[in-house]
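6 protein chains.
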Amino acid sequence: MVAIKDMLGHGAVVRPDGRAADELRQVRITRHWTDAPEGSVLIECGNTRVMCTASFTPTLPRWRKDSGLGWVTAEYAMLPRATSERTARESVRGKVGGRTQEISRLIGRCLRGVVDMKALGENQVQLDCDVLQADGGTRTASVTGAYVALVDALRWAQDHHHIRSAEKVIKDRVSAVSVGIIDGHPVLDLPYIEDSQAMTDMNVAMTGSGDFIEIQGTAEHRPFSRAELDTLLELAAKGNRELQAAQDAALAAN
Amino acid sequence: MVAIKDMLGHGAVVRPDGRAADELRQVRITRHWTDAPEGSVLIECGNTRVMCTASFTPTLPRWRKDSGLGWVTAEYAMLPRATSERTARESVRGKVGGRTQEISRLIGRCLRGVVDMKALGENQVQLDCDVLQADGGTRTASVTGAYVALVDALRWAQDHHHIRSAEKVIKDRVSAVSVGIIDGHPVLDLPYIEDSQAMTDMNVAMTGSGDFIEIQGTAEHRPFSRAELDTLLELAAKGNRELQAAQDAALAAN
Amino acid sequence: MVAIKDMLGHGAVVRPDGRAADELRQVRITRHWTDAPEGSVLIECGNTRVMCTASFTPTLPRWRKDSGLGWVTAEYAMLPRATSERTARESVRGKVGGRTQEISRLIGRCLRGVVDMKALGENQVQLDCDVLQADGGTRTASVTGAYVALVDALRWAQDHHHIRSAEKVIKDRVSAVSVGIIDGHPVLDLPYIEDSQAMTDMNVAMTGSGDFIEIQGTAEHRPFSRAELDTLLELAAKGNRELQAAQDAALAAN
Amino acid sequence: MVAIKDMLGHGAVVRPDGRAADELRQVRITRHWTDAPEGSVLIECGNTRVMCTASFTPTLPRWRKDSGLGWVTAEYAMLPRATSERTARESVRGKVGGRTQEISRLIGRCLRGVVDMKALGENQVQLDCDVLQADGGTRTASVTGAYVALVDALRWAQDHHHIRSAEKVIKDRVSAVSVGIIDGHPVLDLPYIEDSQAMTDMNVAMTGSGDFIEIQGTAEHRPFSRAELDTLLELAAKGNRELQAAQDAALAAN
Amino acid sequence: MVAIKDMLGHGAVVRPDGRAADELRQVRITRHWTDAPEGSVLIECGNTRVMCTASFTPTLPRWRKDSGLGWVTAEYAMLPRATSERTARESVRGKVGGRTQEISRLIGRCLRGVVDMKALGENQVQLDCDVLQADGGTRTASVTGAYVALVDALRWAQDHHHIRSAEKVIKDRVSAVSVGIIDGHPVLDLPYIEDSQAMTDMNVAMTGSGDFIEIQGTAEHRPFSRAELDTLLELAAKGNRELQAAQDAALAAN
Amino acid sequence: MVAIKDMLGHGAVVRPDGRAADELRQVRITRHWTDAPEGSVLIECGNTRVMCTASFTPTLPRWRKDSGLGWVTAEYAMLPRATSERTARESVRGKVGGRTQEISRLIGRCLRGVVDMKALGENQVQLDCDVLQADGGTRTASVTGAYVALVDALRWAQDHHHIRSAEKVIKDRVSAVSVGIIDGHPVLDLPYIEDSQAMTDMNVAMTGSGDFIEIQGTAEHRPFSRAELDTLLELAAKGNRELQAAQDAALAAN
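Residue numbers (the working numbering), protein chains in the order written: chain A, 14 to 267; chain B, 14 to 267; chain C, 14 to 267; chain D, 14 to 267; chain E, 14 to 267; chain F, 14 to 267.
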């Protein structure tokens, strides 16, 4: 950690919630949060709360049939009052917005990145991430929570003899975290107030072995240099290690 | 209660969850369940769990402007895995289904039925009822929970000087409950397993003074007689009295 | 009738069209109104005119196949100038409104309530109720007219050997009528001018044996008491008896 | 007429309904068919029945405002059982089909072709043509009937002082008729059974002075020669003269 | 040509681009414009540029299956900045506009008019006409260009043994051109500036043998007489002969 | 470049088109490709061809009004036969797909990243990137081409006195390129055939000063290590330097 702190500079950044620049918000992962889904997780990252469910079905979408391979998809949505001002429902507007689709696709790719589709067999897992309360980092919390719901759904599927082994289907852990640059300072895990001021904003999904599944960095407000990028990636690596520890703890619990 | 029990017949109905025919499921009402909304309530009726938020805004839809009157609307939705099998999202299907619209309209009418639009002034309250877990009676739980969220939002509006007095806006309590006929026996507060077998199904919204705001009874499977109707209405009256006691207790708490 | 008149109070209500409180508008039912449909009925209740067609097809929607049971559905719509101001077409707006869906579902349930699906066999009847002119009570006129169209379509199906016996498919008559409370007075069969002033508005569908198929009462403007409800139900029973006499007369004609 | 008969050849075409090749189906035009619209016409051409309403409003669509000119539009639709097999509603399918839009646009252009937009002033007339029963020629019947509804709406507008003079707004009559080639024989006013077999199909809208407003000829099945075209145009001219006589008679009646 | 010039009158019309009244704009047809499609053509008529592709597939839409016949359809669209002001995308608006559908249908009918569906066999050709730059006459350029793309796709299909002979599938040439009346003068091939001023506007699709496939003439601004119609048809015949010469030259090239 | 080659390993990767691992496809940028738009560019990167137009308008979307700031947006789309099999139009399907929206948003962010919104003033530039032919890298070609169209539109705006200085609006160059890992080898600028086999796929948008505007890396098929990431970023930096040289050359030409 010393190294990162160094990169971050002496003058400790003063963050609105008093955290250090490389400190995660408190994470809480509650499994079996509702009864119906094969996997049902409430993940809380600070004030961000996302309900992640995993639906296991022994059928596939038509285009995937007879491939011998499984499939994993995800859908993300926000409840109208997850935000400080009410957001109109996408069902009422009659279409799914660009941001929503983008995030749904991101979550799906992250989870597929750690699933062995052959070991899953001709089965499907649908992940639903519904944001009950939004305070920044909803898409990364979704990835992190969906992983736990996915494991639970696969354990259920193993218990019900739909798959041989949940262990074999999951090739590695996956979690995601946001990093960004505020007033020139790289920081980890941005709440909404920081996110809205960030010059650069990056979401990083990583495996348990420390490799990358997804990097999405955007600098609409100020381009970032290669040196800044390196620092951001270090912060993300630290954050993901800690999130994966929380996943492990939750999954060991029961 | 003696009278009702009489009507219900001696042979006590055996219900799947062991309740008496005129017994409500356990009700729990949690206020301030999330932070952003002016009113935020989690209502649990047995295994049915609905998140009810009330959004207060000092603006009106265009058609209502300059009327001197306020407005109250509601939207109802189910999360995909509220149900035992996953339901496709209405946002993805690109339209709000008939059932959803019907329930949204019902909730709106029930709440408007106890609001003094003049006392509300040119302000709007939008109620959102999102079903996290569905086990029958989601629309009636929504009405009951939305009432508490509405009161909280009006208290907030009073504290923030948008309205003079929350008390004056609310003319009376409102709650709703389902009743139905199973195997010829009238019962109160049907969970999903009973609901799906009911010959007749009725939702009854009532005020604190015991009057009716809404009665919706349907008998697709077997018509019901006037005598059966009378029994159902008695059961509904009992249920609503108890639900209103729960509302009162919750609202007194803080 | 004496009893009802009593309940209605001495001071006879003065209605805009001079009717007594418990008097229906004039009903006219014209069968074989157009040539193509298996059942085609024009029903006129005062100035309300609805074209009801019944389409019989020896196929079922996919979800109903191989059940050995038939299916009955309904769709309701208003022509743009059925109303005093032009209403935009739902096809042009790209979606079916909540009110339309609600009414379509109501009509479908009412008719299914008197059909023996086993006797119907794997056949479907689609009822279309298109309002040519609207003066209140369009949904109840639709139910009443659709019943006649349904019987005609079943007779056609019997003649064409799709079903054994139309008689056996129809378990009972069904008709519907509106009742409401105007200035505190319960009245039967409200035209638009009364409907728009009603404190309480109720639609009641009943069978020939006097049982209820559907009750939808709403009191957005002023809750109604149990005593008022009882009077409204008596009025509805009287109205439905008379509507069923008109149905019988029409069906006997040919 | 001798000339045309000559062109049509000696061997009289035998048409399914026994008409001569240059003979219209029976036309009936009923004005004031419903009460609400400013103009309301039922036009019957043989078994084709179209309800044509004209809605006059003293407002304009936004793009036309402050132009000093009026506007006329039209919408066409078919009821589900206008046809021998039920057609799904466009509102339910969520969009207006290509054929429907094409016909709506055609009707609008035809009527605008005889309206003096300056004399109409900043007012709008919306024409709605709803096909109650379809037996070929629904779009041409719509044009012919909509003209009568338009005149009635303009007379209403004159009586209500929205415009100075209905006479001045209408520059000329307009009617439309279909012609086609069946088995090599040109014929006038095709019912469905002929229309479905036609090699060539043409709709011709003409003014009272015998000029053309719209010609739409299509020969998906066999191209047509210039000589055939000339004969078709003669037939159309004869048909339109007769339709305009029927329009005149109807408009003189009241 | 003398004859036409006569009809057009001595006083030569002065056209914005200096062309004679009966003169086409310069036509350029580029085959194999892109690599992927079975037929890919860029057609330029003056400043109008349309990319026409033909997609051959050995499958049919469901309703056409097992008929032993092929099918040809077309879709037309404009890129947002084909026009002088940007036009919103129909994909973003969520529906295809009436004008677009009308033109797509027209192109499809024109091409089907020269295809022998039996010789095509159970194969489909989908024509896509995308306007890169619009300067009037985009729909007629689409028909003319699509014909060349269709021939190329059929030659490809012959080479790949999907059909026996491209020659046998194509019964005749087809091209289309616009004609119109400007200030009382009939002219051929109208660019946008003329089109927007035309009193009458007509699109005429003709075969190589000089017969008509489609005539669409509209006179929203001033009706046209029979004599004017005759002149317009002569102009169209001349224009189509020249366009077909350009098609032949292009198709001979390779 | 020596350094990169080293990282790429000795064993030169054999690419389908014979390029070196760090070699761009041939780039061609044609300005003023069509006449109507303020900026109109055809960019060709190998076989990928994208038409990029920039529409300058002195108005803003409503939400941006009175901010003193300008706005830049982008829309991306593919023509149906840009791909080897025909893709259904999004206008016909009635909605814009997730991939399309994601790319449109990416292009918009990249261009906004180099625009000084204050210098742009209350004006808007809409970028449209329509793929005429797709062979991988369509989104990055869109960014690179759109930059040139944007500069042209700003020069036009300067010439027409809508803005003071195009130079001042553009803060820096921007271009984008794809990189990926094929069979374990990092490569630059992937055509479709490589893209479809890539384990990891990354799009990198960079400024002229070598900073990052956007990094989107995804590893659905195999996670990538930090070392691989570093190599990919070096390749992207090289590619973007060369693309920006091509942009400069094109913009200097006129």
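Take these hints with a grain of salt, some might be off.
Result set (DSSO-like, lysine-lysine): computed pairs, CA atoms no more than 27 angstroms apart in a straight line [said to hold, decoys possible]: (1) Lys-108(A) x Lys-108(D); (2) Lys-108(B) x Lys-131(E); (3) Lys-108(E) x Lys-78(A); (4) Lys-184(D) x Lys-78(D); (5) Lys-108(D) x Lys-108(E); (6) Lys-108(A) x Lys-108(C); (7) Lys-108(B) x Lys-108(C); (8) Lys-108(C) x Lys-78(A); (9) Lys-131(D) x Lys-184(D); (10) Lys-108(B) x Lys-78(F); (11) Lys-108(A) x Lys-108(E); (12) Lys-78(F) x Lys-131(F).
Hints were generated in silico from the structure; no laboratory data involved.
Straight-line alpha-carbon gap Lys-108(B) to Lys-78(F), limit 27 angstroms: Answer violated: Lys-108(B) to Lys-78(F) is near 31 angstroms, above 27 angstroms.
Does the structure keep Lys-78(F) and Lys-131(F) at a Cα separation of 27 angstroms or less? holds, 13 angstroms
Straight-line Cα separation of Lys-108(B) and Lys-108(C) no greater than 27 angstroms? Roughly 8 angstroms between the alpha carbons, so the hint for Lys-108(B) and Lys-108(C) holds.
Mind checking the alpha carbons of Lys-108(A) and Lys-108(D) for me, to see if they're no more than 27 angstroms apart? holds, 15 angstroms
Just to be careful, I want the Cα atoms of Lys-108(C) and Lys-78(A) compared with a cutoff of 27 angstroms; is the pair within it? violated, 33 angstroms
Take the C-alpha atoms of Lys-184(D) and Lys-78(D), compute the straight-line distance between them, and say whether it is at most 27 angstroms. Holds, at about 23 angstroms.
Quickly compare the C-alpha distance for Lys-108(A) and Lys-108(E) to 27 angstroms and report which way the hint goes. holds, 12 angstroms
For the pair supplied as a hint, Lys-108(E) and Lys-78(A), confirm whether the alpha-carbon distance does not exceed 27 angstroms. violated, 31 angstroms
Given the hint that Lys-108(A) pairs with Lys-108(C), test it: the Cα-Cα distance must not exceed 27 angstroms. Satisfied, since the Cα-Cα distance of roughly 12 angstroms is no more than 27 angstroms.
Given the hinted pair Lys-108(D) and Lys-108(E), is their alpha-carbon gap at most 27 angstroms? holds, 8 angstroms
Lys-108(B) and Lys-131(E): Cα distance at most 27 angstroms? violated, 41 angstroms
Just to be careful, I want the Cα atoms of Lys-131(D) and Lys-184(D) compared with a cutoff of 27 angstroms; is the pair within it? Within the cut-off at roughly 11 angstroms; holds.
Consistency note: the structure conflicts with the earlier hints numbered 2, 3, 8, 10.
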